[in-house]
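Each residue of the sequence shown is one higher than the last, beginning at 1 in the working numbering.
Calculated directly from the structure, the hints in this document are not laboratory data. Where hints are given, some of them may not hold.
As the list claims (entries may be wrong) - Here are the computed lysine-lysine pairs in the DSBU-like style, where the Cα-Cα straight-line distance is at most 30 Å: (1) 100 with 18; (2) 31 with 96; (3) 96 with 18; (4) 23 with 71; (5) 100 with 31; (6) 96 with 23; (7) 18 with 71; (8) 100 with 71; (9) 31 with 18; (10) 31 with 71; (11) 100 with 23; (12) 96 with 71.
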Amino acid sequence: MPNLGELLRPNSVIYRVKGVGRKEVLANLAKLAADAFGADQSLVYENALAREALGGTGVGDGVAVPHARIKDLEKSCGVLVFLLLSPEDSGADHLKALAKITRALRQPNLRASLRAARSSEALLAVLTAVEREEVA
């Protein structure tokens, strides 16, 4: 299973995604995923929205991890708020990545560091540092 640093790319860590309400935020995240990874924007949006319809993806304390499995997506990618996208046939790897992200986001100090970050670069640094601390 890849570590968080391997799941993220600098162009996929976005500071202050715009949007009012779940649908608008998901639409903006879908656009960001399309730009960063060449994913089909409408497919990302529809799959993420369909997953939300099954049950909210909030994990508590103002943190949400919307996620979807996407047909023909070659590699998993994460976009902050944390929109996790995986190939449709990713099987357990999707759930393992989701669990890793969710576990990390349950740490109050990580959430505080993420909220204190003021740029995409700072967010990426916080997230990759978490993985190094877990391994140490």
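Hints, one by one, checked against the model:
Note on residue 100 and residue 18: the hinted pairing holds, with a Cα-Cα distance of about 25 Å set against a maximum of 30 Å. The suggested pairing of residue 31 with residue 96 holds, with an alpha-carbon distance near 25 Å, which does not exceed 30 Å. Restraint check: the Cα-Cα separation between residue 96 and residue 18 comes to about 28 Å, which is no more than 30 Å; the hinted pair holds. Restraint check for residue 23 and residue 71: the C-alpha separation of about 21 Å stays at or below 30 Å, so the hint holds.
Our distance criterion of 30 Å between C-alpha atoms is met by residue 100 and residue 31, whose separation comes to about 24 Å. A threshold of 30 Å between alpha carbons decides the hint, and for residue 96 with residue 23 the separation of about 26 Å falls inside it, so the pair holds. Only pairs whose Cα atoms come within 30 Å are accepted, and residue 18 paired with residue 71 is accepted, the gap being roughly 26 Å. Taking the CA atoms of residue 100 and residue 71, the gap is about 22 Å. The hint holds against a cut of 30 Å.
Between the alpha carbons of residue 31 and residue 18 the distance comes to roughly 11 Å, so the proposed pair stays at or under 30 Å and holds. The suggested pairing of residue 31 with residue 71 holds, with an alpha-carbon distance near 17 Å, which does not exceed 30 Å. At roughly 25 Å between alpha-carbon atoms, residue 100 and residue 23 fall within 30 Å of each other, so this suggested pair holds. Of the pairs offered as hints, the one joining residue 96 and residue 71 holds, with about 18 Å between alpha carbons and a cut-off of 30 Å not exceeded.
In terms of the numbered hints stated before, the structure departs from none.
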